[in-house]
Structure formats: structure tokens, C-alpha cells
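Engineer: Spelled out from the first residue to the last, the chains are:
Protein chains: 2
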Amino acid sequence: MEKLVVVDNLWTGLRENLAHIQDPRLTFVEADAERFSSDFQFDEIIHFASPASPPWYMREPVRTISANLGGALNLLNLLKPKGRFSFASTSEVYGDPLVSPQPESYRGSVDCTGPRSSYDESKRCTESLLFESHRTTGIDVRIVRLFNVYGPRTRPDDGRAVSNFLSQALTHGELTVYGDGSQGRSWGYVDDIVEALSRYFWRDELTYVGPLNIGNDREISVIDVARYIEKLVPGTRIKFCPPVPQDPTNRRPDLTLCRKVLPGWEANVSYEDGVRMTLEWFRDKVGQGASTDAPSPVFDTRLAAPV
Amino acid sequence: MEKLVVVDNLWTGLRENLAHIQDPRLTFVEADAERFSSDFQFDEIIHFASPASPPWYMREPVRTISANLGGALNLLNLLKPKGRFSFASTSEVYGDPLVSPQPESYRGSVDCTGPRSSYDESKRCTESLLFESHRTTGIDVRIVRLFNVYGPRTRPDDGRAVSNFLSQALTHGELTVYGDGSQGRSWGYVDDIVEALSRYFWRDELTYVGPLNIGNDREISVIDVARYIEKLVPGTRIKFCPPVPQDPTNRRPDLTLCRKVLPGWEANVSYEDGVRMTLEWFRDKVGQGASTDAPSPVFDTRLAAPV
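Going down the list, the sequences are from chains H and D.
According to my numbering, the residues represented by the first sequence are 13 to 319, in order.
According to my numbering, the residues represented by the second sequence are 13 to 319, in order.
Fair warning: there could be bad hints in the mix.
Because identical chains cannot be distinguished in the list, a pair is counted as satisfied if it fits within a single copy or across any two copies.
[To be verified] Dumping the calculated SDA-like pairs for lysine to any residue here, alpha-carbon to alpha-carbon at most 25 Å:
| # | residue 1 | residue 2 |
| --- | --- | --- |
| 1 | Lys94 | Val74 |
| 2 | Lys94 | Arg71 |
| 3 | Lys92 | Val74 |
| 4 | Lys94 | Arg75 |
| 5 | Lys94 | Glu72 |
| 6 | Lys92 | Glu72 |
| 7 | Lys94 | Pro67 |
| 8 | Lys243 | Glu292 |
| 9 | Lys94 | His146 |
| 10 | Lys92 | Arg71 |
Honestly, the hints are just simulated from the structure, not real lab data.
Please put together the full structure from these sequences, using the hints given.
Structural biologist: See below:
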């Protein structure tokens, strides 16, 4: 029988997100990716073990680097020779990009000493680890660079824009926009993104070796999403807060390569529809009393300052 | 009594390089940085555990990433609270730079999936790990970005330009230049660089927090060094070979910050003098029969290619 082992330390994941799956092939193990051990050698490993929300990774940067890189180093030992290793990388490998849209060949503009660097750099370095493992040992590597995924089953206290706005709209009604809200993002609804992942990770014949942008290439500013939610949920209003250090100004995937590698796939769900469906899910959760307070990161702007 | 523990797995280091030091405070431990354990908590840790020569790190990229990042993650556990952690980063964090000279604020141009990435990205990510540890736990971090260090006690089979040319000049006489040799480098003689390190790592009052370029800012092309050695050692000749993939075209430190943080320090040894002194040392070594063959990296140019 085929066997699927889900490993999660539940740092940011929620056990209840698997509650609807009843399948004898599925085993859940509560463990850190960097310490999980097994007597099995796996045909395929999908490494998604990392927080993805800035307040979470900025509060525990060492643990974030350890999850991504320590996780990949450990899990590589559990892969069969020539097995397949898939990894969720991120549009943050492009940093605050100087070209738009961003093709996979763009080398990025990341401050490797900055307050977002634990996430950005550990994703970059894990990409390196896996492509270099491919080059030297012949493993099959599938790396996706994901652009701002959102949707149902996000933690209400996740801390990223859509979930923040929805949690706030459903509680005190004050939507916090950092800076002037003009920063552009490409909002990918979870169903669209998961469809792309399953097509890419499980496609057997593939000549392309390299990272693949996955996302919705319609770029919408943060303030536009806030205004849309303001209209959707009566009684909400927008509050402007100081900008977050090194928040990227823009972010939009060049999907040329994606359309070649995954012909027929498109991100079909508009942000208007996606946000509305996510709102329904959040209404239930927040109604049931879920926490909506994301952790506060520790900022120290001295790091970015000159002498 | 103060105690100095040197940890080295002798992957690229040589035990004999410490043979001239007789000091009861010094202990040598043969171990991997990522697995070294101790009952002590250290006041100060200096993490230099990584190969620095492309043929060595390209042949064992996973081990290179593990040495840098696994090393730093492990060693952080052995540091006293608020202790000092120093780290040898590299000019390779700038990749193939689009600005010259390179200031510390330049975010670099590194292909995180390329054949040099195990070194470049693990240095970048270790910088992130340490500055983020500073931000969240208050440890004192000293990171230097070193530009092409050379000199006596380099392995004759190290594989970088100066040691390659000298090993070749003293054996078969054929100096291999990759590409047309026009790539510019900043050659820092080891005594100059070590002087800068000791001044930076052991300076107690310091307000600057951030990475520091250390090097010689006189940029000299590879072919000029080869021609100089051709003249120094009678009977040698230059042989041109295909370029190495993603070999940076230029490399020169902006030392503005360095001159503020380390007033009075300069790289005083010219490449002409430094190469001559290194030649003397190599003459003894090669005369004693040291191996001069660097490992061959595994190249697979598919990685850099589009669909």
C-alpha cells in the first residue's frame, strides 16, 4: 500500500486542517522537519515546513532558517536515490524587485542582513542546496516560487494582509494598512495554487530543471484589497500605520515559463471572488473564538543603518 | 587560564599549518563544526569552517552548506549569552556584481540555483542567521566579507588562481587561465587580511553593526597575475581554457566603511611582493612533493539553461 506521512511540528500549522481527511494511507507525525527520522526511504518528499508570514518568521528567525535548511538537509537523507524532492520557495527570493514582472532568471534584490532575511535567504539557500544536490547526485528537484497565497484554512492570527484584514473586519473593524498601501502584490487563491502544485510535482516527464514561478499575475495594491473588504463588511474602516521595514514595493510573477511547463493552467479566481470565499470561512472561525492576534516581531532598525 | 580551542575536520585545512604554534592555552579538536560539542560556553566564537576554493565547494556543495550554516547553528548553542560571534563571509555574496567597487549596501547579483551557489548562498544565509540572532538575542556579531585572500600556507592543490599558477609554474610550467583572463580581482595578501581581522574581531568598543568589506582595493586582472608569474619563473607559459560557468567578471571592495571602522589599516602588500613571497613558500612545499592537483568540480550547465 502506498503511504503518505505528514510531518508537522504545529508551530504555525493546525492539526484541524487535516481533520476532514480520513484515509488509511495517511499518517500524521508531530515532529520538526530537521529532526524527523524514519526507517523508510521515500520516493518523494515535499518540503513545506516553514512559517510564511513575516510576524511569525521575524519573531523566530533562527528557527525559520533551521526549518528550511536544517529541514532540507535532514530530509535529503530520507530520500531514495534519484527520488523526487519538491520545495516551496517564494517570490521573496526576489527581495524588493527592480524589474517587473519577475522572471525566474532575475537574481533578486535581497538585503541578506535585513529583518526579512531569515525567510528570504533560507529559501534562496535551500534552492541552492537542492539544485546542487540535483547536479551532484541526480535527484529530481521541483521548486516553486509562490507569490502571496491566501484563502480558507489560513490561521486567523497568521498576520499577512488578507487574513489580517478579514480578522480585523470581523472583530474591531479597523483594517491596518502599513505605509500608504500602494505596495503591489499578486494574490493567489489557494485552490488555484494547489492545482498548479499538483500538476508540477506529479508530472513525470519533464525536461525543465529550475525554479518555477507560481501565482496570479494580476497585481493589486494592498490598499485596493483593504478598500474592497471595507465595502464587503459594513462598519469597517482603514487605519494607516508606519511602513514595515523593507516591505517590498512590488511583486508580480512573470509566468512565461509556468505556461510552458504547465500548459492549460491559469490562476482563475479573481481577488474579489477569493476574498469573498475566504471571508465566509473566517466568519465561521472567528465566530468560534479563534485568536486573531499575530505575534509582534522585534524590530531593530540599527541593522540597516550605516556607521 | 584562557583557553583557545581550534576545531577543524581537516577537509581543506592542514594540521601542519598549526605545527609552529606551541602554546599551552591552545587545544586542537578534529571535528566538524556542525557536530562539535563541548561542556564549555565560549566568550567568543570565530567561524571560518568552510572551503573557500570553487573546485572544493563545487565538488561537495551539500557539505559546504552544512559546514557554513549547520556550523553556525550548532556553534551558536556554544556561545555565552551576549557573547561575540565572528564569521568569515565573502565578496561572493555580491555574485557577479553590477556596481564597482562594491559597498556593503549592495544587495548583490547571485544566481541562487547556479553552480557557485552552495558557497555564495550559504555565506549569505549565515550572515542572515547571525544578524537576526543579534537582533533577537543581543549577541555581538562581527562579519567580514573577504576578497580573494592568498599567501603562504595555502594548499598547493587549493585550486584558486594564485596558488594554481604557482603550483603549475613549479611543476609542468603551464599556467591555465580560464576565459580571456580579463576578470578583475582584488588580491589580498594574508598578513594584511589577518591584521584587519584581529583589529576588527578584538575591538571592544564598536557602534557599527553590519558586514565589513576587507580586502585590497587595487583590482588586477587574472591575466596580469599570470603574466607576472610567467616573468618570475623562467620556462612557464600561459594556456587559455574555456571559461568557468558564472565566474564573476569583476570584484573590488568599497573600503569606505572599513577605513572608518578600522582607522589606520590598509592592505599594504602589493600583488607583486605578495606573489613573490608566496612563490618562495610554494617552492619549498612543491619541492617536498605536495600534491598540486585540485579536485575537478562536476559541471552541469543544464541548471542555468531555460526550458
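Engineer: Against this structure, judge whether each hint is valid.
Structural biologist: Cross-check of the supplied hints:
{"no.": "1", "hint": "Lys94 - Val74", "result": "between (30 Å within a copy, 16 Å between copies)"}
{"no.": "2", "hint": "Lys94 - Arg71", "result": "between (37 Å within a copy, 18 Å between copies)"}
{"no.": "3", "hint": "Lys92 - Val74", "result": "between (29 Å within a copy, 16 Å between copies)"}
{"no.": "4", "hint": "Lys94 - Arg75", "result": "between (29 Å within a copy, 19 Å between copies)"}
{"no.": "5", "hint": "Lys94 - Glu72", "result": "between (34 Å within a copy, 17 Å between copies)"}
{"no.": "6", "hint": "Lys92 - Glu72", "result": "between (32 Å within a copy, 19 Å between copies)"}
{"no.": "7", "hint": "Lys94 - Pro67", "result": "between (37 Å within a copy, 24 Å between copies)"}
{"no.": "8", "hint": "Lys243 - Glu292", "result": "within (15 Å within a copy, 78 Å between copies)"}
{"no.": "9", "hint": "Lys94 - His146", "result": "within (9 Å within a copy, 39 Å between copies)"}
{"no.": "10", "hint": "Lys92 - Arg71", "result": "between (35 Å within a copy, 21 Å between copies)"}
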